[in-house]
Structures are given as structure tokens and as C-alpha cells.
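Based on the sequences and whatever the hints tell you, model everything.
If you read the protein sequences in the order shown, they are chains G and R.
For the first sequence, this note's numbering gives the first residue as 69, with consecutive numbering after it.
For the second sequence, this note's numbering gives the first residue as 1135, with consecutive numbering after it.
These are calculated hints, taken from the structure and not from any lab test.
Remember, it's a predicted structure, so these values are computed and weren't measured experimentally.
Misleading hints may appear alongside valid ones.
[Claimed, not checked] Some, not all, of what chain G presents toward chain R, calculated at C-beta under 10 Å:
1. N70
2. V72
3. N75
4. A139
5. N177
6. A179
7. T186
8. V195
9. Q219
10. A223
11. L226
12. L278
13. A296
14. I301
15. I303
Ideal Cβ placement from N, Cα and C applies to all residues, glycine included.
One letter stands for each residue in the lines below.
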Amino acid sequence: MNWVSENASLIGTLVLLGATILMLFPTVSNSSGKRSKLLGYLLIPVSLAALGWVFLQPTGDMVRDILFYVAGGTAVIGGLLMTTERNPVYAALWFAVATLGVCGLFVINSAPFLAAVTIIVYAGAIVVTFVFVIMLAQQEKSAGYDRIPQQPLLATILGCLLVGTMLVGIHKTFGPAEPALLAVDRSNLHVSSRPVEGDLGSPRGIGRTLFTDYLFAVELAGTILLVATIGAIAIAPRRPQGSL
Amino acid sequence: MSPDPSHYLVIGAILFSLGAIGFLTRRNLILMMLSTELMLHGVSVNLTAFSRFHDQHDGQALTIFILTVAACEAGLSLAIILALYQRTRSLDIRLWTTLGEEELMPPMADAASREVQAPSEPLPKLAPAGRRPTIGADGHVSSPIIVPPKGTGKGSKA
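Shown next, in the form of C-alpha cells:
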């Protein structure tokens, strides 16, 4: 009980988040479907505000804070709506929105090269391919398996427990109570490719790290790409012409 | 200089959990794969936040590897999903709760199926070694197979 009263804000935020997700899920009955969905849309800003109030207090750097709130909010809203949207094409597009938000977070974390690569690979290749397959495979408007989710209540409870566990861990480690855990003595770190001042995230720095410390892994990744290409060609079904 | 990294970890945790919820609740094969990509996004946010916080490039290098693996995974999964779609004409995951196929024989033949496969007639036997096959006038080779019912083997010999 003591722990519960201490962490009331955390539990309240989690319950709010779970209620938002549950309200956003498509309901089975069509009569009451619209109202609960509207309630879910209304709950999104409330739960995000609660989340920001409890966990994401501004750090003082105003420009960075605003950018962070915009990018993080975009990512979380995109993820929320992708999870609960019943039309698969819209869900794929919401995933693209979430990708854009994540790329914004990359830019704030001084990884502009990664942001560009992520947009090219995800939004340019993966989402387009997924949308292609969805459109090829689903001629009818919306199939029954998209309208009815599988065990939404249990999955939401499980997801909220998961995120609650992680949030408690983050809060305990990075909270104001123990800042000593964060004090990393950077002079003792022995890494061969320490970035010089202002070099973090540049293609040059990443390339130097990749081809010195991670050279073997780079070769391995190339091999994986080759194997996946051959495997995809081998698995892909062949049809006479024009039909999927 | 470095902002609070816990903000990014919170966003990463939420994205990861949303992906997990999506993977559990979706019944569309393609959207299940997209949900796993959302989980990978959460991990990438964490990695870049730590990379920034420690002023090292390792997190960003790992994110590039995540991108590579995600691209491979997308290609392979779409090939598999198309192959599955050709069989059932549907993307529903519930059609694949059992991976066995009805029209195939069970892989291990039990006693009953072995009895069915046993031949009803006695099999023909090969001639003993050293006997030459006879070649007819029209070039037809009559192989010296001796069939157990009497008389027929001799007839072919002559």
C-alpha cells in the first residue's frame, strides 16, 4: 500500500494510457462503435499530457524541449493509431508517421545521418512495399480479421504492465534521487574511435566506427543481406502473369 | 550539455510496448510484421539516446545494423506472407494455427497405413545372374524376369 500511494501518479498514467488504447480499439458492435472511438481520440491528449507531466518534465533548454515534445508526441501518436486503426492501409501510413517522429528524435540526438537513412529505408522502402502487398492482397474493403482485434483487453493489460515495469526502472535509475549512477567517467573509457568535438553523428564518424570497431559485423550484415535476397527470391511464389 | 536521457528512454519504452500490443492484437499478417518494426523503432531511439549521452558512436552503429536486419526481415516476411496468401486467399493469422496440411500423409506411417501399402500380388523376381536376355527378331528385348506362376517364365525363355 505504501508503494502504491507513493507511485500513484505512475499508476494513474498507466491506467489512463491503457484506457486510451482500449477506447481506440475497434469495437465489435457497430452501433456504439463511434462514440467509444471518439472518446479514445479525446483521451489521447489527456494521457499524453499526464505522461509528460509525470515523466517528461522540461529540462530548461527550451528549443530542444519543444522539438522533443513535437517529435516524441508524433512518434507516440503514430504508434497508438497504428496499433488501433482498423484499416490496414491507414495503419501502414500511421507507421510512416511514427517513423517520422522517431527520425525527429534521431535528429535531436545528433544523428542526422541515421535519420536520413531511416526515412529512406523505412518510409521509402518498407512502408511502400507493405502498402503494395496490402493493396494487392486485399481487394475487398475491410476484412473481418481487421475489424475484430484479438484479445484487446489482455494485450493492453500486458502492454501496460510491460511499459510500467520499464518506466519504474527508468525512473529509479535516472530520477533525481540517484544522480550518481549517471556519472560516467569518460576519461577511462577505452574505445578506439572516440569522436572528436562536434563529430557525433556525422557520416564520417559513423563510417570510422563501422569500419574499425565493427568491421566483422559489417561483413556479416552484408552476408545477411545477400542471404535474405536469395531467400526472398526463392520463397516468393511464382504465378503465370499478372495475378497475385 | 547533454539533456536528460530518460526522456528518450520513456519514448522508446512506450513505442516498444505499443508494438508489442499491436503484435498481440493484430490478426493481419502484414500488420503484425509492421508492429515488430515499431518495436525496433523503440530500441533504435534508446540506442541513439545512449550514443548521445556517452558521446560515442557505438549506439548509432548498432542502429544501422538494426536497419539492415529490419530490411532483410521485411523482404523475407513479405515473401513468406505472399506464399501463405496464395494458399488461403486471406491474411488472417488464425488460419495458420495448425501448420499441417490435410491432404498430406502423416510423416511417420503407422501400422495401419503400412498394411494398406503392402502389395496384394506377389512381386516378380529377377532372373538369376549370368543368364542373358533374349532378343527377338524385331529387336524387342524380353527380359528374363521369372514370374512365380509356373510356365510363364519358361515361355519367355523359349
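So, going through the hints one by one against the coordinates:
no., hint, verdict
1, N70, "violated (24 Å)"
2, V72, "violated (21 Å)"
3, N75, "violated (15 Å)"
4, A139, "holds (9 Å)"
5, N177, "holds (4 Å)"
6, A179, "holds (5 Å)"
7, T186, "holds (7 Å)"
8, V195, "holds (8 Å)"
9, Q219, "holds (7 Å)"
10, A223, "holds (4 Å)"
11, L226, "holds (7 Å)"
12, L278, "holds (5 Å)"
13, A296, "holds (4 Å)"
14, I301, "holds (8 Å)"
15, I303, "holds (4 Å)"
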